[in-house]
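A.B. asks: Below, each chain spelled out in residue letters.
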Amino acid sequence: MFIYSAALVTVVAVLLALVAMGLKDRQDANIRNEKMLSLLKSIGVSDVTPDDAQARYEEFFTKEITVKTDGSIVNDYDVKGLDFKTADRAFNIKLRDQQKKGDEGAFPVYVFQKDGQTGYVLPLQGNGLWGAVYANLALASDLNTVIGVTFSHDSETPGLGDKITTPEFQAQFVGKQILDDNGQVVSINVKKNANKDGMHEVDAISGGTMTSNGVDAMLATDLARYQKFFDNTRNGLSTTVSVEEEDVPVECIAVDMTEDEIKELEEKEANNE
Amino acid sequence: MSKNSSLITTPFSKNNPITVQILGICSALAVTAQLKPAVVMAISVTVVVVLSNLIISLLRNTIPPRIRIIVQLVVVSALVVLVNQVLMAFVYDVSKQLSVYVGLIITNCIVMGRLEAFAMTNKPWDSVLDGLGNGLGYAIILVILGFVRELFGSGTLWGFPVFEKLGLYSIGYENNGLVILAPMALILVGIIIWIQRSADKSLQEK
Numbered sequence: 001m002f003i004y005s006a007a008l009v010t011v012v013a014v015l016l017a018l019v020a021m022g023l024k025d026r027q028d029a030n031i032r033n034e035k036m037l038s039l040l041k042s043i044g045v046s047d048v049t050p051d052d053a054q055a056r057y058e059e060f061f062t063k064e065i066t067v068k069t070d071g072s073i074v075n076d077y078d079v080k081g082l083d084f085k086t087a088d089r090a091f092n093i094k095l096r097d098q099q100k101k102g103d104e105g106a107f108p109v110y111v112f113q114k115d116g117q118t119g120y121v122l123p124l125q126g127n128g129l130w131g132a133v134y135a136n137l138a139l140a141s142d143l144n145t146v147i148g149v150t151f152s153h154d155s156e157t158p159g160l161g162d163k164i165t166t167p168e169f170q171a172q173f174v175g176k177q178i179l180d181d182n183g184q185v186v187s188i189n190v191k192k193n194a195n196k197d198g199m200h201e202v203d204a205i206s207g208g209t210m211t212s213n214g215v216d217a218m219l220a221t222d223l224a225r226y227q228k229f230f231d232n233t234r235n236g237l238s239t240t241v242s243v244e245e246e247d248v249p250v251e252c253i254a255v256d257m258t259e260d261e262i263k264e265l266e267e268k269e270a271n272n273e
Numbered sequence: 274m275s276k277n278s279s280l281i282t283t284p285f286s287k288n289n290p291i292t293v294q295i296l297g298i299c300s301a302l303a304v305t306a307q308l309k310p311a312v313v314m315a316i317s318v319t320v321v322v323v324l325s326n327l328i329i330s331l332l333r334n335t336i337p338p339r340i341r342i343i344v345q346l347v348v349v350s351a352l353v354v355l356v357n358q359v360l361m362a363f364v365y366d367v368s369k370q371l372s373v374y375v376g377l378i379i380t381n382c383i384v385m386g387r388l389e390a391f392a393m394t395n396k397p398w399d400s401v402l403d404g405l406g407n408g409l410g411y412a413i414i415l416v417i418l419g420f421v422r423e424l425f426g427s428g429t430l431w432g433f434p435v436f437e438k439l440g441l442y443s444i445g446y447e448n449n450g451l452v453i454l455a456p457m458a459l460i461l462v463g464i465i466i467w468i469q470r471s472a473d474k475s476l477q478e479k
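For the record, the sequence lines run as chains A and B.
Residues 1 to 273 in the working numbering are what the first sequence spells out, letter by letter.
Residues 274 to 479 in the working numbering are what the second sequence spells out, letter by letter.
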């Protein structure tokens, strides 16, 4: 009897391990593609299939940076040529791990170029009713106006809480603002009977109150972490790489630019001032 | 032949796992708010019932009686994990829809019920047919529930906005919020049972 059960369990364990190992690459690729599709969708690029997700991702996203809550930039990655499988990059950061580290955590920001405009996508993660909820919040170059958002979740109730993934719910966020007039993060409230014209509120989901509250809390908590980064970037300090990191100095990043590009950049900066 | 075909057909009517045996009610209520997860769940349960029936039937003479439930559980769980892994690798979007429900298959009374009541004492081919019949009997109820609940609860079918296209909203129609909640699924199952028992006198208790 014991031998029988031991043998059976061993056979099953080996079988499952083999299958899991054999399919792991495919599953990881699926998860990566899913993440890229979600990021692309948040900036309004939705005609993407999983097969060309990577190419389209590299077409729009130029930089992945990680920032601390004090606003300092920990790492600054150029997307071009960076390998997904091995490279240490913001894309592969597990947000939950960073959230646990609190002020020491490095939080990803995806920088994209679309229609000649620079924009930023912030990945967020919080708790819904049954499990984690996630968001990719795309902001315009003013780091204030929402140009799109995608939500996803692990296990919210089908037909109720999982409606956060519907276009109807997500469309409500477009054009809303996350900062008040003084540049302080006030987030976007998800609540009942929201005022449609209010810049900081959207309607919650009927029958999905707990999930809506989770989304509301996620936006408030996670956006507050970027407050200093918002301040710095808006004051034109975004290019300073924090000194204590043994990271590539800014000059080196610019090396692979052509002279024309550098000139163009300088002109742009001069114009801004 | 007639015995084989009755293995498939009786779970559809006289011995339906949901409406007659009243098994698998939990998942029938949980996953049928929309049609798509209901269909995917139905397919997955059918696959698991058929394969576990086959495996247990092949092993039935070697399984020590005292640990048969554990053996059945191991087989069922292994199959469920396999199904989940394959779905995640090849149809990722569907597996996301299923994530919670796949785990529920392990505890689905229909699977264990068929293993205990049929596969332990019958030949492999009969067991496969029995599993197929019960899986489809479960499937038909889930599809009916998913169809009715998505149509009247959300006004869509498989995500397609049927009522909007028909222009029902513009003449004042509103979706029924109760239909997407679990209690309504129970009421619907009750109605199906009622209809079935009225039509088939042999199911009525004296």
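Since the hints were derived computationally from the structure, they do not count as laboratory data.
Quick caveat, the model's predicted, so the values are computed rather than measured.
Any given hint could turn out to be false.
No farther apart than 20 Å at their CA atoms in a straight line, the calculated lysine to aspartate or glutamate pairs in the EDC-like style are these [as the list claims (entries may be wrong)]:
1. B:Lys-369 with A:Asp-28
2. A:Lys-41 with B:Asp-366
3. A:Lys-63 with A:Glu-168
4. A:Lys-94 with A:Asp-51
5. A:Lys-24 with A:Glu-58
6. A:Lys-85 with A:Glu-104
7. A:Lys-41 with A:Asp-115
8. A:Lys-35 with B:Glu-447
9. B:Lys-309 with A:Asp-154
10. A:Lys-24 with B:Asp-366
11. A:Lys-85 with A:Glu-59
12. A:Lys-192 with A:Asp-154
13. A:Lys-35 with A:Asp-88
14. B:Lys-369 with A:Asp-51
15. A:Lys-176 with A:Asp-154
16. A:Lys-94 with A:Asp-180
17. A:Lys-228 with A:Glu-34
18. A:Lys-94 with A:Asp-78
19. B:Lys-369 with A:Asp-154
20. A:Lys-41 with A:Asp-25
21. B:Lys-287 with B:Asp-399
22. A:Lys-192 with B:Glu-447
23. A:Lys-228 with A:Asp-180
24. B:Lys-438 with A:Asp-115
25. A:Lys-101 with A:Asp-115
26. A:Lys-196 with A:Asp-180
27. B:Lys-369 with A:Glu-34
28. B:Lys-369 with A:Asp-25
29. B:Lys-276 with B:Glu-447
Here are the computed distance ranges between Cβ atoms for each label pair [stated by the list, open to error]:
30. B:Asp-366 with A:Asn-92: 19 to 27 Å
31. B:Glu-478 with A:Thr-49: 53 to 61 Å
32. B:Cys-299 with A:Ser-5: 23 to 31 Å
Glycine residues also receive a C-beta, built at the ideal position from the N, C-alpha and C atoms.
A.B. asks: Against each hint, give a clear statement of whether it holds in the structure.
C.D. replies: These are the hints, each one checked on the structure:
1. Restraint check for B:Lys-369 and A:Asp-28: satisfied, since their Cα atoms lie roughly 14 Å apart, inside the 20 Å limit.
2. With a C-alpha separation of about 15 Å, the suggested pair A:Lys-41 and B:Asp-366 falls inside the 20 Å cut-off, and the hint holds.
3. Note on A:Lys-63 and A:Glu-168: the hinted pairing is violated, with a Cα-Cα distance of about 30 Å set against a maximum of 20 Å.
4. Between A:Lys-94 and A:Asp-51, the direct Cα distance comes to roughly 23 Å. Violation of the 20 Å bound is thereby established for this hinted pair.
5. The hinted pair formed by A:Lys-24 and A:Glu-58 fails the criterion: a straight-line CA distance of about 24 Å is larger than 20 Å.
6. Annotation: proposed proximity of A:Lys-85 to A:Glu-104 is violated, straight-line Cα distance about 25 Å (limit 20 Å).
7. Using a Cα cut-off of 20 Å, the hinted pair A:Lys-41 and A:Asp-115 holds, with the two alpha carbons roughly 15 Å apart.
8. Between A:Lys-35 and B:Glu-447 the CA atoms are separated by roughly 35 Å; this puts the pair beyond 20 Å, and the hint is violated.
9. Of the supplied pair hints, the one linking B:Lys-309 and A:Asp-154 holds, its CA atoms being roughly 17 Å apart against a limit of 20 Å.
10. The straight-line distance between the Cα atoms of A:Lys-24 and B:Asp-366 is roughly 16 Å, inside the 20 Å bound, and the hint therefore holds.
11. For the suggested pair A:Lys-85 and A:Glu-59, the alpha carbons sit about 19 Å apart, so the restraint of at most 20 Å is met.
12. This hinted pair does not check out: A:Lys-192 and A:Asp-154 have alpha carbons roughly 24 Å apart, beyond 20 Å.
13. At roughly 16 Å between alpha-carbon atoms, A:Lys-35 and A:Asp-88 fall within 20 Å of each other, so this suggested pair holds.
14. The hinted pair formed by B:Lys-369 and A:Asp-51 meets the criterion: a straight-line CA distance of about 18 Å does not exceed 20 Å.
15. For a cut-off of 20 Å, the pair hint linking A:Lys-176 to A:Asp-154 is broken: about 26 Å separates their Cα positions.
16. Of the pairs offered as hints, the one joining A:Lys-94 and A:Asp-180 is violated, with about 30 Å between alpha carbons and a cut-off of 20 Å exceeded.
17. Taking the CA atoms of A:Lys-228 and A:Glu-34, the gap is about 30 Å. The hint is violated against a cut of 20 Å.
18. The hinted pair formed by A:Lys-94 and A:Asp-78 meets the criterion: a straight-line CA distance of about 19 Å does not exceed 20 Å.
19. A threshold of 20 Å between alpha carbons decides the hint, and for B:Lys-369 with A:Asp-154 the separation of about 8 Å falls inside it, so the pair holds.
20. This hinted pair does not check out: A:Lys-41 and A:Asp-25 have alpha carbons roughly 24 Å apart, beyond 20 Å.
21. Pair hint B:Lys-287 plus B:Asp-399 holds up; C-alpha atoms about 18 Å apart against a cutoff of 20 Å.
22. This hinted pair checks out: A:Lys-192 and B:Glu-447 have alpha carbons roughly 19 Å apart, not beyond 20 Å.
23. Restraint check for A:Lys-228 and A:Asp-180: satisfied, since their Cα atoms lie roughly 14 Å apart, inside the 20 Å limit.
24. Our distance criterion of 20 Å between C-alpha atoms is broken by B:Lys-438 and A:Asp-115, whose separation comes to about 34 Å.
25. Taking the CA atoms of A:Lys-101 and A:Asp-115, the gap is near 36 Å; set against the 20 Å cutoff, the hint is violated.
26. Proposed proximity of A:Lys-196 and A:Asp-180 is supported: the alpha carbons are some 17 Å apart, at most 20 Å.
27. The suggested pairing of B:Lys-369 with A:Glu-34 holds, with an alpha-carbon distance near 11 Å, which does not exceed 20 Å.
28. Taking the CA atoms of B:Lys-369 and A:Asp-25, the gap is near 17 Å; set against the 20 Å cutoff, the hint holds.
29. Note on B:Lys-276 and B:Glu-447: the hinted pairing is violated, with a Cα-Cα distance of about 49 Å set against a maximum of 20 Å.
30. In this structure, B:Asp-366 and A:Asn-92 meet the distance hint of 19 to 27 Å, their C-beta atoms being roughly 22 Å apart.
31. The hinted range of 53 to 61 Å is satisfied by B:Glu-478 and A:Thr-49, whose Cβ atoms lie roughly 56 Å apart.
32. The hinted window of 23 to 31 Å between B:Cys-299 and A:Ser-5 holds, with their beta carbons roughly 28 Å apart.
Violation of the numbered hints given earlier is confined to hints 3, 4, 5, 6, 8, 12, 15, 16, 17, 20, 24, 25, 29; the remaining hints are satisfied by the structure.
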